[in-house]
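Novice: We have chain P; now place chain L onto it with these hints.
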Amino acid sequence: MTRASWTQPVDDVGLVPFGKGIERGFDQRLLCTRGMQLEILAGLGLPVGAGLTIPVPNVPGVTSADRAKAAMNLLENISGRQISGTTDTGGLVLLRLSASAPVEAAGLPPDLVCLGLKRSVIPEGLGSRARADLAAAWWKSAAFIAEHALNVPGDELGTLDMDYPDPVERVDPFKRLCEEQGSAPFPTKRSEQVAAGARAMIERWNSPRAARARRKQNLPPDLPLALHLETVVVTEHDNEGNGFAISREMDTGVFAPNGAFRHGFRLSGERQHVGHPLSELPEGVEMLTGVLAELEGRLRSAVIVDFEYGPEGLALVGLEQIRRPSARVATSLAVDLAIRGIIEEDEAVDQTDASHVLELLHPQPKLTGQEVVLVTGLGASPGAAVGQIALDSETAVEMSEAGLPVLLVMSETTPGDLPGMMAADGILTVNGGSASHAAVVARGMGRPAVCGAGGLRIDREARTITSGEHTLSEGAVVSLDGATGVAYVGELSIERPTPSPSLTTLLTWADDARRLGVRANADNGPDMEVAVDNGAEGIGLCRTEHQFMGDRLPLVRAVILSHDLDAEEAALAALADAQREDFRELLRAVGDRPVTVRLLDAPMHEFLPSDPEELADVHQRRMLDHLHEENPMLGVRGVRLALMHEGLYPAQVEGLFNAWVDVVASDDIRPQLEVMIPLVSIPDELVMMLRLIRRVNQQVSSRTGMIIPFTIGTMVETPRAALMADRLAQWAEFLSFGTNDLTQLTYGFSRDDVERRMLGTYLEKGLMTASPFAELDGEGVATLMEYAAAKARAVRPGIKLGICGEHGGDPSSIALCEQLGLDYVSCSPTRIPVARLAAAHARIRTTATDS
Amino acid sequence: MADVVLSEEQHEALVTMVVRGMARGEATAEQTALAEAGLILIKGPMMMPTPAGTAYVSELMRLPDDAPQRERIMATFERFLPVNRQLRDLCTAWQVRPDGSVNDHADENYDADIRDRLDDIDDAVAPLLKRFSEDIPRMTGYRGKLTESLEKLDDGDNAWLASPLIDSYHTVWMHLHQELLLTIGMSRKEDEELEERLVSGAGA
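Chains as they are written, first to last, in numbering that gives the first Met the number 0: chain P, 0 to 850; chain L, 0 to 203.
Pulled out of the complex, with its shape left as it was, chain P reads as follows (with noise of 0.2 Å):
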């Protein structure tokens, strides 16, 4: 839509009643997003609210009496009412003006509601709470006719609406101001009312607060508006009134018609929100279930619709597309669509965003059924925070000042209460909601909190809380739920939730739908069985670094360390045993799948003290000073390390070959080991490896009598095994590129100071778009990669090739390794899911763009 087809001049395009639009050959340039929403759901065959759109050309035109009067009299015909007459009922049939732009927009000018009165006398004879609503509503709008149309100063007004509480009071001084300070009486002709409304809009639409509006939205400055001219019945009758139906439950995603109705007529634009459940409604909600679940397939979104209803029914008036879905309506509506046919299962995968996983997988205090519940109040700042409780302001800084995580527990806050506010890791009040102190400071400083939690009773005195049996003294231990409004007595753990039904099955298609595998960077049984769980197809890097901290460190030393031979080989000894038994509970957990051991690939000062004392032998303290290296991270470490200390990768296999043998007498599985090198530049430090390992393999084979069946593989990580890979790949049955130090090496970054000091300037720049930590870099490093895999393939045509870096959880890296032809990407086991979406995204998006 450009900006010139909003300023083309349309002859006489008339006034369209709602659903004729689009039969007329209108658009939505003409009809805005109001007069569209009522084209979409007339369109369904629905019934819409009696009205009429005065299209884009013909709103100037309006401002006329004679051209109002004409869109009057036509809403008559449609609507089979007279305005200013009184329905069957006795409600009596006033008007509304209300406006839209072409597309969404924020800044309009609201809705002008109770035009229409003659002589402008709020008439007796209304009920009571009808006539407070229609001298309410009719005060807003005369008192905006007044200010944008006939110039009256806005602070009079404001004094008149002081000075006169009740509004029926208000309208004989109100016109009194208008004669003496606005450019013209208040209209008292009807049609003079609808043109000063349209008139005083135009004016507000062109004022400097709109156009604020339209440049914080980057929308055009001359923006146009089509005007909506309505029947509104202001009646006493409780089978009229008004609502408003959601499509589904925000907080669960699920299909679930809900909102709220009020009796009486719509006394503004925007949506009351208190009011009447929909089972209320005299109807019943069959008829809006219907509804919702028909545009939810037309639209594919979830759907707001506005709705009034009266004696013939309920009519449809308003229909608004949730645009910014929570992560939980986004899938389940995603799945309902593919299950209803409306879809594909690719298109919900496809339209299923890499962040919704993120965050309906986003850490939540466990639950085991165990817990106590100390109290359940509204979860007003979401997140979980555990803490000893403080019971004012002071304590709270005292506390935290000592050290402690605190819970600031308080009937209510006050800006008082600020620094205990800073202080606490959360916060829980009695009295309050989503909207009080507590919670919108609790916000803004993005700290937890329960409000309103009522059942709570604090006593000052004996510095204690309590809720119902319970009753814990100021320093007791409580954990709360920010999210679901709980607090607990005690300390909670918190965990990533398991995914929900939606989730589940969209990821299942997902994997239909991926061709790149996906594996998990784990080091232990553990890590792997939440990789399992999160749907991981093996190990793409097992790090065995950790295993030689902690009370195996001394091992290690004495084998980097040693002056002795003996030393080394009994160190080495120990080692494998004790590796042996790690990797037994890391192949159990692996089950079948396959695995990829990476091979000792820390850098040596990791594993050395870094003050000589902490050495008893005096020839050790002598060998550290001797060992010391000005960049270790460039230095002996991977394969280099294991070069200089011959015995170090044998002794690994060893270990990782009998545990192998293990499981597969005792847990009858047999899990495909791939034993990877660290480091390698040089091919033949590759080929030096391969010779040692076969021979561990064949000696462990020999001893138990069984095969052992094993690729080897290298990483490719220095730009130099990138270039050398078709000599690599003459020995390597898989490379996986470990693409953090290619990138560090690539660019010559030393990741930590780059990102620490350098980065943000960077960015800021433009020299960079996002850290190439994060972001695999598309145009250097998956050059180099694209080579890589070119020249091992020319070499082994079906070399299995991987990616193990952190970008391996990333979807834009994921998307570049799917184009590069990779065979899988590994990363950590709590990623997985991400990974196996993006990994379809990225499937999906290449065929879509090949065919």
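Any given hint could turn out to be false.
[Unchecked claim] Keeping only pairs whose Cα atoms sit at most 30 Å apart, straight-line, the calculated BS3-like set for lysine-lysine is:
1) L:K144 / P:K139
2) P:K215 / L:K151
3) L:K129 / L:K151
4) L:K129 / P:K139
5) P:K139 / P:K188
6) P:K764 / L:K151
7) P:K174 / P:K188
8) L:K144 / P:K215
9) L:K151 / P:K174
[To be verified] Derived, one-sided and incomplete: chain P residues facing chain L with beta-carbon distance under 8 Å:
10) M161
11) D250
12) G431
13) S433
Calculated directly from the structure, the hints in this document are not laboratory data. Note that the structure is a prediction, hence the values are computed from the model and not measured. All C-beta atoms, glycine included, are put in the ideal place defined by N, C-alpha and C.
Specialist: Just chain L now, with coordinates in the frame of chain P:
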């Protein structure tokens, strides 16, 4: 505390501290004196009134029950509370989207709508502030402070609507609300109950 004699500057510093709840930074001469008198507490870079300090200010600022302006102030205050509710609801919407997710300010349409509605609230509170100022001279400064926060917000820093850590629109509003409560001598709880009554009475 009746025997404490404060200079005009010390008095002003104490009132400011009680209205704002706290102050941060290096203590001024007045603040140091107040701390020595046991009216405020200095904890590292943070200062806050002691219960004695709060009681002192509450007693000092509270209008006598038979003050001639009391009735007028109460009438205006009852008009203020429904607007107060609107402001709190608006701040909630600014922080949390209707589905309960945190507003990440990526939806320009959503934010622009809230900013636009803030003008309605600002328009509604303007005549009330004017009227309060006629009876409570200290209220005069708030109009300018609210406008200042709006200007900063419109300069593009979203924190100026509801952040509790700066003099955002919400923070300034909280201060003026607090000052009204001290003047009337109403507790926060009574205030919330009255607001609830006024809002539900007007809306249902």
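Novice: Of all the hints numbered above, which does this structure not satisfy? Sort the numbers upward.
Specialist: 9
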